[in-house]
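Protein chains in written order, with this note's numbering: chain A, 1 to 220; chain B, 221 to 438.
Some clues are possibly wrong.
The list that follows gives simulated cross-link-like pairs (lysine to aspartate or glutamate, EDC-like), each with its CA atoms no further than 20 angstroms apart [claimed, not checked]:
no.	chain 1	residue 1	chain 2	residue 2
1	B	Lys256	A	Glu77
2	B	Lys369	B	Glu427
3	B	Lys352	A	Glu23
In short, the hints are calculated from the structure, not lab data.
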Amino acid sequence: MSYRSNADLGGQDRHGAVRREPEDELFHAPWEPRVLALNLAMGATGLWNIDMSRAARETLADYRELSYYQIWLAGLEKLLLQTGAVHADEIAQGRMMHAAVPTPRVLHAGHVAAALARGAPTARQPNSPARYTLGQWVRTSTVAPQHHTRLPAYARGKRGVIERVHGAHVFADTHARGLGEQPQWLYAVAFDEKELWGANTPRQRSTVSVDAWEPYLEPA
Amino acid sequence: MHGPDHDHHAEREHEHSTLSPLELRVRALETVLTQKGYIDPAALDVLIDTYQTKIGPRNGAQVVARAWCDVEFRRRLLEDATAAIASLGFSGRQGEHMVAVENTPEQHNLVVCTLCSCYPWPILGLPPTWYKSAPYRARAVKDPRGVLKDFGVQLPETVRIRVWDSTAEVRYLVVPQRPAGSERFTERDLADLVTRDSMIGTGLPLEPGGASTVDVSP
């Protein structure tokens, strides 16, 4: 079965104009903040990690029909079912019907501020020296991986230049699959617009940078 | 059939009949998760209150205003944004690894997350709906000038546009240019000129007179 992300939207046409909103408009229904908070609280239990939750959301078959917080709700239900933390009949009935699974942690009200302030840094000690240096030309992988990845399709197989070296970070591709953190060097790679969109797209005098882990890159 | 129990039940029935299917689905899920001991409902209230009243773009505005006033802070911000921002008390979830990019007369920065909705929460709060929407995520990388136009921003063609796609756990803050005419402003007054959108790159700071520095002359 092939892995398909429905969230990889960069560079697609026909999405129409952006609709602005005032600064204080964060939610559009009372259930939306609850879904946000449920996701944060369940994320804090340690039953899954942030890359697993991104993978769960981006592979929702109806991703494009759902609003943002509908995606978060459906993704949360999917993770709960996958981990066996909640069963389908419990979701349907709205009550506990099976024993709970053990969780590493529970986020209590008194600990929220400290947990948010701590966050979840992803920088790690590197296992090897960085393969690339500032100003070096690289080419991104042409392969569409059959799993969660963070190299957008529009930046696949493109030539760019190393613009920043961010250090070694938890590798999303393995972390999302339960294969561990496997830290890899992370770089900001800059691409010229012509390289990304071809010579026929009107020039805008723009450059696009993506943050790419070392396994996405090869020397160019 | 009368009495407190009945009234309470009727009230609940009435309440449920007016709730949307999504509201009911979320409430049901919250009940299950609470019963199973996975969540503390009071923690949900604290989380929501935090992002509705405590953590938002006014934090980022303080960072930018400081950078406008204090050359040493600006230098540190551009060199190690995580540490510089933490020195003002802002750090943590979705801002663990910060990079600040500065607008200049030659270059304008624009931040997007084409793959989901990555955004620097400690300094800007929760992302606006448009930031998470398909039109913005699809077009910011390919048609940044078109997106800026949707926001009423038109930059000279000589200005290079630098788009930052937040594809990993690094979060970007745009430091907009300090508006002309704000030379005598205090740091606090300067912070009032810094809009959320100007720190994403889809807007410009307000003009000291009150209007946005976007050219709206006929």
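message: Need the list of violated hint numbers for this structure, in ascending order.
response: none
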